[in-house]
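The task is simple: from the sequences and hints, build the whole structure.
Listed below, chain by chain, are the residues.
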Amino acid sequence: MQAGRKVAIVGMGGAFPDCADIAEFDKKIFAGQSLIREWPKAAAYGKQVRSTVSAYINDDDLGLEPIYLMDGYDWPETFVDTRKRIPDLNLSTADLGSVWAMMGSLDSIEMAGWTKAETESEQTAVVIASGGANNVIMRHGWHAFFELGKKSRAAGSHTVDRTMSYREAANVSCLIKNKGVCESIVSACATGLGNIGYAARLISFGLQDRAIAGGVESTSLETFIGFDGMQVLSKGFAAAQSSRPFDVNRNGFVCSFGAGIVALEEYEMAKARGAKILAVIDSYFNNSDGDGNMFYPSYEGQQRLWKGLMANGGVKPDVVKVHGTATPVGDIIELMSVIDTLGEDGYHITAPKSLFGHMLGGAGSVELITAILMLQNQKVTPSINSDNLNTEPEGFQLKEGWTGSTKPAAAYRHMIPQETLAKEINQVVCLNYGFGGTNSAMAISRAN
Amino acid sequence: MDRKEILTGLIEVLRTVRTVDPAKLENVTEETDFLTDMNTPSTELINIAAKVEQKFDIEFEDEDIDEMGSKVKDIIDLIIKVKARTDAEKE
Chain A
1 MQAGRKVAIV
11 GMGGAFPDCA
21 DIAEFDKKIF
31 AGQSLIREWP
41 KAAAYGKQVR
51 STVSAYINDD
61 DLGLEPIYLM
71 DGYDWPETFV
81 DTRKRIPDLN
91 LSTADLGSVW
101 AMMGSLDSIE
111 MAGWTKAETE
121 SEQTAVVIAS
131 GGANNVIMRH
141 GWHAFFELGK
151 KSRAAGSHTV
161 DRTMSYREAA
171 NVSCLIKNKG
181 VCESIVSACA
191 TGLGNIGYAA
201 RLISFGLQDR
211 AIAGGVESTS
221 LETFIGFDGM
231 QVLSKGFAAA
241 QSSRPFDVNR
251 NGFVCSFGAG
261 IVALEEYEMA
271 KARGAKILAV
281 IDSYFNNSDG
291 DGNMFYPSYE
301 GQQRLWKGLM
311 ANGGVKPDVV
321 KVHGTATPVG
331 DIIELMSVID
341 TLGEDGYHIT
351 APKSLFGHML
361 GGAGSVELIT
371 AILMLQNQKV
381 TPSINSDNLN
391 TEPEGFQLKE
401 GWTGSTKPAA
411 AYRHMIPQET
421 LAKEINQVVC
431 LNYGFGGTNS
441 AMAISRAN
Chain B
449 MDRKEILTGL
459 IEVLRTVRTV
469 DPAKLENVTE
479 ETDFLTDMNT
489 PSTELINIAA
499 KVEQKFDIEF
509 EDEDIDEMGS
519 KVKDIIDLII
529 KVKARTDAEK
539 E
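The listed protein sequences correspond, in order, to chains A and B. Heads up, the first sequence is in our numbering, so the first residue is 1 and it goes up one at a time. Heads up, the second sequence is in our numbering, so the first residue is 449 and it goes up one at a time.
The hints are simulated quantities; they were obtained by calculation from the structure and are not laboratory data.
Which chain B residues face chain A? A few, computed with CB under 8 Å, are given here:
id, residue
1, T464
2, R466
3, T467
4, P489
5, T491
6, I494
7, N495
8, A497
9, A498
10, E507
Don't be surprised by glycine CBs; every beta carbon is placed ideally from N, CA and C.
This is the structure:
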């Protein structure tokens, strides 16, 4: 983010697995309690799936009542909000993730204390996305048409608005009636942070004064199956032990679902109206690996990411919130790139995916909220299950041309707390990466 | 299946359409107009038609829907017409 107007985070909300609200999310993650559970919906497919664990949110969680089509389809045609937060008309155009995005947006606006005029202003943006389209609705719609030979209308008249790529932004905008930018920025697992970063740029560059921004991934067995088929999901551990960033026995990530939404505002305006400032965005940077590899993480790409993040100074984190998915290669490349940039001491590293798995398009925003909670609580979230770090260097560390540390992961045990750590935290750096070689980084700090 | 049974079935369908105010379903008659009396969004009429097809196990022609009026009796007329046509095709 180039030097420009300062951006404050003034509100947050979302949908968090196995948690009634953000307060319960806060309580559970700092207690080191895993949100990952055995997922009956996946387990029902027996040997068709490899992995059966997830941090998921059911259709009828969070005060929602799904309404099903009458011929017994098991996908919700629409939802009823039993707590009356969202009007039925808005629910009729929303898939599950859009409902979460709307709930998170309302909570964020309430926390921000924006007036109706401020919310509906031409200076208020909505920038929210998920990793992809809504696979649940598309599967049933296409099945009815192609396999069952039904009329196109059999899927209902809301297939487009409930599955389109920018459905969360569209639904939130229709709900809150903002008159500024309404867009989605999609970059696989960097989506959550990418949308917030883009929204922050809109404010920093003077194009907007406020933004509702974030990332979402709505519960979908269809999405889960895609990753399960790639054999990249964790297998062979009990649910709470299945997400194991940095651990020598890690064998894949846990595919999870959720939503994180924040309210951003130009700092001086927020300060002038006496808003409670949760955090300040010090820097945002994103780039691409540029190595032509869709999946493999790039040490050089991450080095350039850090360089860009730190280009304007003022980045000296007390905590680095890593992407840390618990895939065999990614974790240690990331660890070494952090070490190479910041040194071997003086800060801590945390991988909150150990607590709730990988929320894909929602990961970056839910983890940014986790970072805000770290600033508020002055505590580092624990990297649970990082029980044993490799005492030998990884294969790639021994290859010719490797320029990073050749020490094994175990040499950095002191930097990765397995239990919640209380300490002074003034700044947290958040890192997220996605397929295609996209990398995002954001530094946030306490308001004072 | 007489008109009263069809109306009852139709109201069951309408109860699952969330953009239709449930309170307005209490006094539905054949003269009730979806658009003017019940404020149903026009995009929702196609949803109602699709659900009616499933409920009554019939399939409308596209022209049937294009020409359909917006009153409850128009839908009942259409259901009766299409049901008769479907039964004739089966025989």
